[in-house]
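Let the hints inform the model, and build the full structure from the sequences given.
Protein chains: 2
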Amino acid sequence: MGVTLKDIAEKSGFSITTVSRALGGFDDVNEDTRKLITQIANEMGYQPNLIARQLRDKRTHTIGIITPMSAESADDDFFNILIKGIAHAASEYHYDLLISAQLPSADEMDAYRRIAGGNRVDGIIVARTYRDDPRIQYLKSIDHPFVVSGRAEPEQASDFPYIDVDSQAGICMLVEHFIDYGHRHIGLILPPEHIAFTGFRYNGYREGLETAGIPLRPEYIRQGDLRRDSGYNAANSLLTENPEITAIVVCNDLMALGAMGAIRQQNKRIGLDIALGGFDDIPAARHTSPSLTTIHQPIFEIGERLTRLLLKIIMQDNPQNIGQILPCKLMIRDSSGTRKT
Amino acid sequence: MGVTLKDIAEKSGFSITTVSRALGGFDDVNEDTRKLITQIANEMGYQPNLIARQLRDKRTHTIGIITPMSAESADDDFFNILIKGIAHAASEYHYDLLISAQLPSADEMDAYRRIAGGNRVDGIIVARTYRDDPRIQYLKSIDHPFVVSGRAEPEQASDFPYIDVDSQAGICMLVEHFIDYGHRHIGLILPPEHIAFTGFRYNGYREGLETAGIPLRPEYIRQGDLRRDSGYNAANSLLTENPEITAIVVCNDLMALGAMGAIRQQNKRIGLDIALGGFDDIPAARHTSPSLTTIHQPIFEIGERLTRLLLKIIMQDNPQNIGQILPCKLMIRDSSGTRKT
DNA sequence: CTTGACATCCGAAAGGTTTCGGGTTATGCT
DNA sequence: AGCATAACCCGAAACCTTTCGGATGTCAAG
Numbered sequence: 046m047g048v049t050l051k052d053i054a055e056k057s058g059f060s061i062t063t064v065s066r067a068l069g070g071f072d073d074v075n076e077d078t079r080k081l082i083t084q085i086a087n088e089m090g091y092q093p094n095l096i097a098r099q100l101r102d103k104r105t106h107t108i109g110i111i112t113p114m115s116a117e118s119a120d121d122d123f124f125n126i127l128i129k130g131i132a133h134a135a136s137e138y139h140y141d142l143l144i145s146a147q148l149p150s151a152d153e154m155d156a157y158r159r160i161a162g163g164n165r166v167d168g169i170i171v172a173r174t175y176r177d178d179p180r181i182q183y184l185k186s187i188d189h190p191f192v193v194s195g196r197a198e199p200e201q202a203s204d205f206p207y208i209d210v211d212s213q214a215g216i217c218m219l220v221e222h223f224i225d226y227g228h229r230h231i232g233l234i235l236p237p238e239h240i241a242f243t244g245f246r247y248n249g250y251r252e253g254l255e256t257a258g259i260p261l262r263p264e265y266i267r268q269g270d271l272r273r274d275s276g277y278n279a280a281n282s283l284l285t286e287n288p289e290i291t292a293i294v295v296c297n298d299l300m301a302l303g304a305m306g307a308i309r310q311q312n313k314r315i316g317l318d319i320a321l322g323g324f325d326d327i328p329a330a331r332h333t334s335p336s337l338t339t340i341h342q343p344i345f346e347i348g349e350r351l352t353r354l355l356l357k358i359i360m361q362d363n364p365q366n367i368g369q370i371l372p373c374k375l376m377i378r379d380s381s382g383t384r385k386t
Numbered sequence: 046m047g048v049t050l051k052d053i054a055e056k057s058g059f060s061i062t063t064v065s066r067a068l069g070g071f072d073d074v075n076e077d078t079r080k081l082i083t084q085i086a087n088e089m090g091y092q093p094n095l096i097a098r099q100l101r102d103k104r105t106h107t108i109g110i111i112t113p114m115s116a117e118s119a120d121d122d123f124f125n126i127l128i129k130g131i132a133h134a135a136s137e138y139h140y141d142l143l144i145s146a147q148l149p150s151a152d153e154m155d156a157y158r159r160i161a162g163g164n165r166v167d168g169i170i171v172a173r174t175y176r177d178d179p180r181i182q183y184l185k186s187i188d189h190p191f192v193v194s195g196r197a198e199p200e201q202a203s204d205f206p207y208i209d210v211d212s213q214a215g216i217c218m219l220v221e222h223f224i225d226y227g228h229r230h231i232g233l234i235l236p237p238e239h240i241a242f243t244g245f246r247y248n249g250y251r252e253g254l255e256t257a258g259i260p261l262r263p264e265y266i267r268q269g270d271l272r273r274d275s276g277y278n279a280a281n282s283l284l285t286e287n288p289e290i291t292a293i294v295v296c297n298d299l300m301a302l303g304a305m306g307a308i309r310q311q312n313k314r315i316g317l318d319i320a321l322g323g324f325d326d327i328p329a330a331r332h333t334s335p336s337l338t339t340i341h342q343p344i345f346e347i348g349e350r351l352t353r354l355l356l357k358i359i360m361q362d363n364p365q366n367i368g369q370i371l372p373c374k375l376m377i378r379d380s381s382g383t384r385k386t
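Protein chains in written order, with the numbering used here: chain D, 46 to 386; chain P, 46 to 386.
It cannot be assumed that every hint is accurate.
Quick partial rundown of chain P residues pointing at chain D, CB under 8 Å, derived from the structure [stated by the list, open to error]:
id, residue
1, Ser145
2, Pro149
3, Arg159
In short, the hints are calculated from the structure, not lab data. All C-beta atoms in this analysis are idealised placements derived from N, C-alpha and C, irrespective of residue type, glycine included.
In structure tokens, the structure reads:
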């Protein structure tokens, strides 16, 4: 197994160079020679060794993404859909996608050093930004092509190529929607502090309240870890300690699904007693009952755009729009309940 | 950018060999030398070039999967979940996953030749078997490690490593369930003829009817292409041309979701007028309304098992259970309606 | 007959790593 | 002093490809 140029060279009597150039379609090889060589190559089932080619060309035609991976994160649709979008756009450019899944125990930075530093891929997609993200710092330091889904925290400049949604505006819309529906006591479940977009979502919450002249009460705010369980816990504590709350803004859908459980657990009705809103618009949001009001972000499209931006950078195209902020959209569903009169 | 062994060798005054062996942890290197070399390597931010290593070792520590990819297949949860399972198990063995998405226009075999023949991966996972699957034939012919999700069609021996569910039994269970609920006119929506498991699902349907002594009526059978739309069309034609039908068995959930639309379109009530059952138990099945009765197959676990089996083959472990058939499970949900009296 | 152009071909290097087989030096022993 | 051994080190080859810079031979024009 493993027919090489050398094998074809020996069989055909020509040199490796000529075989390579014949198969490569160069015009400094006799037409008869080419025919003979291609025929032999086909007979022997020659396939160029891509690894050798990659080494030689310093091009892998592959983009990489490193994803956290635990059994319970299996239903994290965000990454799922993002990866689909990436793969879809990549396939149009005949690029492959290398996924390196990291167990929770593993040091994430190691994976970046290995994959990016080790020249495994032409470019890399960084998926959920942290404050002062060490991955971004590293990739910049070694000058490796990369793009970012998300951006730096609000106080920091995002001096790297990224695509993000305007999640501050998104959360603000959601808050205003609830205020419009007559709610005055609105809880908030935030992502962890170290996630970069947490600041934006908090700002959106504050902005929404401020516009309506409602004072922000820190005891209405909880933090989760983006996973379902933490949404359950946060909502539980929020409702137990602040019985006056009638609406909860949750910063991602997965936690919102958890919060649904907590609301039921407290014998309250979602929508009617407690209005609930999420963020992301994962498929499940539409299908839960009651369906979940949420802020839609075009995850699949973000994946596609990230890929196209990355490929431009790889091709040294010096793209114009180095940072793109997409709008998001309020999806009003049953968990909003109805307007209080 | 790109610090190599050579750079470290020059800076440290030792040879490339010694640098390699020092960093590799061999014991024929003086302890002081090793310290010096590791220090320099760290200072310079050395990362071994994985491509070069792969070329030399003929090992990529990567497994590959080639997936069909179109924008509308974006919601094909089966592949999504399978890939998650694969990635999860792979990460435990420090293997990466190479995904090559193929546009519908592309020749699938080309991708296999490129990736497997081109030594891009140590092993490959073949995901949805066809009758006389050319991909399997090819991989066998070049003796490239692979495992298969699914198996050969009923009439053929599956002389390759595979993991599959007993879908004949699954469909049979579903048919018996409907018969038990009092249905006598049961439609069937099959996958395309060229898919290997179509035969098993057909057999399950026949077996279920036979056991109950109900004659099989060919006009109750339609074929779709596994996608949502085709389920819609098939159900539509089935109900229009055979108004006596009261239950439909659909061979995958995605088509079943489409069939739901068709039933509604015909002003019939899912469950009450027309009982509906799917296959796969994708997440959406639980969340639609009404929720979808379906045959559960453990897709995530299949992905994990496939990976473990493949890695054993790669390690030349000559695994025992070269073909595994897992049981599947009937999930009775609202689309079953109630037992007719 | 010489020169130049053209068609066709090829050797060798480069890309970065690992490893085989051997080489050098110092140490310990008789 | 002589020799075996251990400790440490290194050159070169191999993995397979592409490409640079020629090399060779033929033929037509001068």
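Do the hints match the structure? See the list:
1. Ser145: holds, 5 Å
2. Pro149: Where the cut-off is 8 Å and the nearest Cβ of chain D is about 10 Å from P/Pro149, the hint is violated.
3. Arg159: The hint holds - P/Arg159 has a Cβ within 8 Å of chain D, the shortest such distance being about 7 Å.
In summary, the one numbered hint that this structure violates is 2.
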